[in-house]
Amino acid sequence: MMKPTSEVDLAEAIASTTGPVRIVGGDTRQIGNPVKGEVLNTSGLSGITLYEPGALTMVARAGTPLMEIEAALAAEGQRLPFEPSDMRAIYGASGQSTIGGVVATNSSGPRRIQAGACRDSLIGVRFVDGQGQIVKNGGRVMKNVTGYDLVKLMAGSHGTLGILTEVSFKVSPAPEASSTVMVEGLSDTDAVTAMSAALGSPFDVNGVAHINGRTVIRVEGLDGLVKYRAAKLVDKIGGVVVDFDWGAVQNIGDIAGREGDIWRFSVKPSDGPKLGAALRAAGATEVVYDWGGGLIWALSPKGDDMRSAMGSISGNATLIRGEGHPVFQPEAKEIEFLNTGLRAKFDPRNILNAGRMG
Amino acid sequence: MDLPKPNSEIIARKPQIVALLQVVLPDDAVIYDEHEVKAYECDALASYRCPPMIVVLPSSTEEVAAVLKICHAEGVPVVPRGSGTSLAGGALPTADSVVLGVSKLNKALEINYDDRYIRVQSGRTNLSVTGAVEALDFFYAPDPSSQLACAIAGNIAMNSGGAHCLKYGVTTNNLLGVKMVTMEGEVMDIGGAHLDAASYDLLGLICGSEGQLGVVTEATLRILHKPEGARPVLIGYDSNEVAGACVSDIIQAGVLPVAIEFMDRPVIRAAENFVGAGYPDVEALLIVEVEGSEAEIDEQLALITEIAKRHNPVELRESQSAGESAAIWAGRKVAFGAMGQISDYMCLDGTIPVSQLPLVLGRITELSEEYGLDVGNVFHAGDGNMHPLILYDANKQGDLETCEKMGAEILKLCVEVGGCLTGEHGVGIEKRDLMTTQYTDVDIECQLRVKDVFDAKWLLNPAKVFPLAATESRRT
Ligand SMILES: Cc1cc2nc3c(=O)[nH]c(=O)nc-3n(C[C@H](O)[C@H](O)[C@H](O)COP(=O)(O)OP(=O)(O)OC[C@H]3O[C@@H](n4cnc5c(N)ncnc54)[C@H](O)[C@@H]3O)c2cc1C
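So the protein lines, in turn, are chains U and E.
FYI, my numbering numbers position 216 of the first sequence as 216, with every residue one higher than the one before it.
Every position in the second sequence, counted from 1, becomes a number in my numbering once 1000 is added.
By construction, these hints were calculated from the structure, which means they are not laboratory data.
Please read these numbers as outputs of a predicted model, since none were measured by experiment.
Check the hints yourself; a few may be wrong.
With beta-carbon atoms standing in for the labels, derived distance ranges [claimed, not checked]: (1) E/Leu-1127 to U/Lys-302: 29 to 37 angstroms; (2) U/Asp-254 to E/Ala-1469: 42 to 50 angstroms; (3) E/Lys-1104 to U/Gly-77: 49 to 57 angstroms; (4) E/Gly-1340 to U/Ala-231: 47 to 55 angstroms; (5) U/Ala-332 to E/Ser-1060: 54 to 62 angstroms; (6) E/Ala-1326 to U/Phe-337: 47 to 55 angstroms.
Here chain U is said to cover these stretches of chain E; the calculated rule only asks that three of the stretch's residues, wherever they fall, bring their Cβ under 8 angstroms from a Cβ of chain U [unchecked claim]: (7) 1111-1118; (8) 1441-1449.
Here are some chain U residues the structure puts well away from chain E; computed CB gaps all over 10 angstroms [what the hints assert, rightly or not]: (9) Thr-5; (10) Gly-37; (11) Arg-140; (12) Val-242; (13) Asp-243; (14) Ser-308.
Just so you know, even glycine gets a beta-carbon here, dropped at the ideal spot from N, CA and C.
Given these sequences and hints, build the entire structure.
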C-alpha cells in the first residue's frame, strides 16, 4: 500500500510506479467496476488548508474526512451547498468518507436541484496525473474563467484522470430554519406534477422528492421566510408542514441496506413517472424520486437489467450496486472518442483506477 | 501584443476556399469582399483589429458542420463569433482565418416550463432568452451587462457572469446541454434536459473554452421562476476600504443577497453625469439587492442595513418603490458606457478573495499614481470579481502601452493575493501572456493536451488563451 503524506511524495510515487494503482479515500463510495492494483490511500493528505468564512471559501486536502469539513463549516454557520450523500449503508462500508471521494464521484444530494451539484461548488483542484505530474486548475475564488475548466472535468471522473490532492469549494450560509411540506397518497404522475409546480414557483424550494407514497418539498432560509413559503406551498399544492428526515432521500435510507441491486437514473422530471412505471414492470421493488422526479433510485432483483427500462427516454442510468451490466451509461461513439482521448492524455499508461469507468 | 504571422500560403488559396464554401452555403452567407469583411475585424477590445480572410454566416448546424469540414480539410483556421462583444479579443480574427458567425442561428427551439428549460440556437442574444419565457414569469439567470447584444454562444465560450450570479451562479451553473460541432465537422450532443453527465463532464469543459474545442450551435438552458419581488439598498461610504469590509460582513452574516455591486468615486460621478441616478457624491457606493416577498425582503434588508450601519455609512437609501429601485440600478447599468464617454478605457476582470478587497483597492490607487493614469472601479463585490477601468488616451502615443503595463501589474497582484486573471471576460488575446503568472508550464501543458483531443490540428481559434510561444509548435 502507498500512503503518501505530501503531494510531492505522491507525485514521486506515481512517477516511479509501474502501476496499476487503486485510489482509496475512505472506501465508502464504491461506484464503478472493481479495480485491481496497489492501493493508494489518500488519508495521509489530510487537513483543511484554508477557510475564510467571510469569503465563503474552503480549501482542503483530498483525504480530509467529510465529517471534519462539515464540522468546521457548521462551527461558522456554513455548509456545503450540494448536500453530499452518505453511501456507507449502500456498500456496507464502515470507513470515513473523504472530501476527495465526494469530488471524484461528484456526489450531490436533494439540494442539487437548486444549489447545483458538487461540480458547481467546486472552484479549484490540485491533482497528480498518471505520469506523476502535479497539476492545478481553478483556484480559491468563486469566479474564475482563466483557461479551461478542468475543475468540472475532474469532478465525477472517479480517479481515472488524476489523483486529487486538494480541492476548493464555494460554501454557503447554513439557513436559520428549514421546513418541509408533505402531501400523501399521490400517484407518481401526480407527484411529479406537484413537484414541478413547486419547482416552478417563486418560493426557491431546495428539496423535492417522492418516496414511499409521500411527496416532500423543502424550503430553507430565515425563519419568517421559511414559514411564509411553506404556507404558500401548502396553498398551491396541498399537504401539511411536517418534520421530515431528508436523510431518507439524501442517503436513500429506506433501500440502502436491503438486498438487491441499486440503480440510479437521471432523466428530465416529466419523464420520471413513465420511467418509474417501466422500472416496476421490469421488476424493481422500490422506486424513489428525487430532484423533482429527475433523479430515480430503483431497488431491483440481483442481476436484472433495469437500464433497458429507459427505452427511448434520454438521460443516463448508473448501476450503483450490483454486477453483470455496464456501471455507467454507454456514451455515443463521438463522446466516447473524446473520453478515451482525454484519458490517454491524463493517464497515458492507463494505471489510475484502470477500468473503473468501463 | 503580438498576433501570429498569417499563413500566406492559405491567403493565396482564398479564391479556391471561397468557392468551396459557396458550394455548401448560400451566396449571401459567404463574405469575402475586402471592405465587407472589415465589419468583423474586431470585438469589443477594439484597440486590436485585423480583418479576416473570409466570413461565413451559416443558418443551421448542418451548414456549420459543412464549413468546418472544408476548413479542416484545407487547414484553414476558424474563429467562431457570437455578437462580438468580447472584452478580451476572443473573437479577434487573424488575416488567414475564416470567421464563423452564428448570428443567423437565433431561434428558440423548445420551451418546457414543467422541466424548467429552454433550448435555443446559440446565436440568440442573452436577453431574448429571458424574453422568450418572460410571459410566464420565468427568466434565464446569467445577466451580463452586455445582455442586450451578447449571444448565448459567446456566454458559453466565456462562461459569462452577471450582477445576479452571487445567488444564481454563472453560465456553467445554468447550462444543461449543448449541440456542438468539432473542427472535423462531427456533430454531437453533450448533456440535455437531464442533470449531470453519464461519464466525464464534457459540458463543464466546453463551457469557458473560448471557442477552442468546438462550435456550439444549440444550448439547453435552465430557466427559473422569477422571485416575487426584489429590492435594492444603496449604501455610501467615505472610503473604499470600509465599503470592502462591509461586503465581507454581509456575506458572513448568513443572508445571501442576489447581488452586491461596488462603484468608486470616479465611476459614481461619471454614472451620475450620464443618467442622473441621484447618487450621492461619496468615495464608494454599494448596491445590495435581495429577493422574495415584501415581508421577506424587509427581514433581509433589516439585517443588511444593521450591518451597514455598523460601518458608519454616509448614505443609506432603501428603495421605497419600483421607480427608486430602477434609479438605484440605473447608474450601475450604464457605468461602463458612462466611463466610455469620458475617456478610452481598458476594463480588467481579475477576481480576488473578498477579504483582500481593501488591500487591492489601496494598491490600485498607488499604481494609478505611479503610472499617471486614472482608474475607476465598478464590480461584483460579493464574489470579488473586480473591474478596474484604466483610463487612457488612444490618440496619445504610448498611452495604450502604459495602460496595458499597468493592467498587467494589477492582474499580477490579483493572482498574488490568491485570485485569478479573469473572472468572467475570458483570456482571449488580452491576458494570454499573463497565463504563466497563474499557471505553471505543467498546468498549461495539461490544458493544451485537452485541445489536442478536440482539435488535433489546432485550427479552432488557435491563437487565443495560451502564450503564443507555448502553442507555436502545435499551431504550425
Ligand atoms: C459593455 C459590455 C459589458 C459587458 N458586461 C459583461 C458582464 O457583465 N459579464 C460578462 O461576463 N461579460 C461581460 N461582457 C463581455 C462579453 O459581453 C461576454 O464575454 C459575452 O459572453 C460575449 O458574447 P458574444 O456573443 O459577443 O461573443 P463574441 O465576442 O462574439 O465571442 C466571444 C468568444 O466566444 C467564442 N464563440 C463565439 N461563438 C461561438 C460558438 N458558436 N461556439 C464556440 N465559441 C464561440 C469566440 O470565438 C470568442 O472566443 C461585457 C462586454 C461589454 C462590451
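Comparing the hints with the structure gives:
Between E/Leu-1127 and U/Lys-302 the Cβ separation comes to about 53 angstroms, which falls outside the hinted range of 29 to 37 angstroms. Between U/Asp-254 and E/Ala-1469 the beta carbons are some 59 angstroms apart, a value that contradicts the proposed interval 42 to 50 angstroms. Between E/Lys-1104 and U/Gly-77 the beta carbon distance is about 51 angstroms. The supplied range of 49 to 57 angstroms therefore holds. About 48 angstroms separates the C-beta atoms of E/Gly-1340 and U/Ala-231, a value consistent with the hinted range of 47 to 55 angstroms.
Take U/Ala-332 and E/Ser-1060: their Cβ atoms lie about 20 angstroms apart, and the range 54 to 62 angstroms is violated. In this structure, E/Ala-1326 and U/Phe-337 meet the distance hint of 47 to 55 angstroms, their C-beta atoms being roughly 51 angstroms apart. Beta-carbon proximity to chain U at under 8 angstroms applies to 6 residues in the segment 1111-1118 of chain E; the threshold of 3 is reached and the given coverage holds. Look at the segment 1441-1449 of chain E against chain U: 6 of its residues bring a Cβ nearer than 8 angstroms to a Cβ of that chain, three or more, so the hint holds.
No Cβ of chain E comes within 10 angstroms of the Cβ of U/Thr-5; the nearest lies about 22 angstroms off, and the non-interface call holds. Once the 10 angstroms rule is applied to beta carbons, U/Gly-37 is consistent with being away from chain E; the minimum gap is 21 angstroms. A beta-carbon of chain E is positioned within 10 angstroms of the beta-carbon of U/Arg-140; the least distance is around 6 angstroms. Chain E leaves U/Val-242 outside its interface by the beta-carbon criterion, the shortest separation being 22 angstroms against a cut-off of 10 angstroms.
At roughly 22 angstroms from the closest C-beta of chain E, the C-beta of U/Asp-243 stays outside 10 angstroms, upholding its exclusion from the interface. For U/Ser-308, the requirement that its beta carbon stay farther than 10 angstroms from each beta carbon of chain E is met, with the minimum near 15 angstroms.
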